[in-house]
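Participant: All chains should be modelled from the sequences, with the hints used to inform the complete structure.
Sequence order for the protein chains is A and B.
Positions 61 to 211 (the working numbering) are the ones given, in order, by the first sequence.
Positions 61 to 211 (the working numbering) are the ones given, in order, by the second sequence.
In case anyone wonders, no lab produced these hints; they're calculated from the structure.
Take every hint as true, because none was put in to throw you off.
Copies of the same chain look alike in the list, so a pair counts if it works inside one copy or between any two.
Cut-off 25 Å, straight-line C-alpha distance, at most; resulting in silico cross-link-like pairs (PhoX-like, lysine-lysine):
1. K165 x K98
2. K165 x K92
3. K123 x K165
4. K98 x K74
5. K74 x K92
6. K165 x K83
7. K92 x K123
8. K98 x K83
9. K123 x K74
There are 2 protein chains.
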Amino acid sequence: MADETATTGLLGFKPQLVVPGMKAEVAVQFYKAAFGAKELRRVAHPKRKAEQELPLILSAELKIGSSFLLVNDRFDDAGEDGSTVASGGGILLRLEAEDLDAVMKKAVTAGAEIVGEVTEYEGGVCGKVRDPFGVVWAIAAVGKKCPEAEA
Amino acid sequence: MADETATTGLLGFKPQLVVPGMKAEVAVQFYKAAFGAKELRRVAHPKRKAEQELPLILSAELKIGSSFLLVNDRFDDAGEDGSTVASGGGILLRLEAEDLDAVMKKAVTAGAEIVGEVTEYEGGVCGKVRDPFGVVWAIAAVGKKCPEAEA
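Facilitator: Written as structure tokens, this is what we have:
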């Protein structure tokens, strides 16, 4: 699909639900029961909290019909995620791109604002912008090891 | 993908952004400029408001990379949409299903609550549920002429 990515290097996006109250596991179970979701993969948070019985979910990828839904716990120590939830109602859109900087610059030129700083995950890079309509886009560079953006 | 739909008859979902302030057209132009979105189709609201220069958007379907995003104006005369925006931050997930009643019942059994009433659009039927994590799912029966759920 070269024509689709020629302009912006954008490959596509998946909705990501950020769940407060350490209930991402409950959410995953709900989507399995309610919509027959299949869990494709899960990445646990490396910083397991001492008071937690279960590790927090950094990213669980579900498939509902032919569509994908990412679910993760909201982390108190991640300021950007906190502000995302407060302003975006829990759902952000996780966009995979070939060139993170180019995509973020283009979005900002069009009217989006940068949220937080570009973050590294296991050697990968992710940035966030909030568009003029309140939607937060988490943009991950393709081919980098950004956990929530792996294929 | 018979195995994926056998349990629930769910085919998939698309994120839908409900835009307040009659700015859906502005949002469509933003996504074109920021992310190279292509507009695949658009359905104007049949009740054009007298004070409006442009017809409101009942549903515009955009493609960003390989992903789909629905954008529509928020209508003051649609109570369910109003409550959706207030609680869901503007994004809901529009799910296509083979059997609307069966999917809604299963979701409610799992813990979702029904939002508003089942609505008819041009002979099609759509229902909404809010899940325990604040996500509103608009469920459209496949094969019916539900405008925001057409292929």
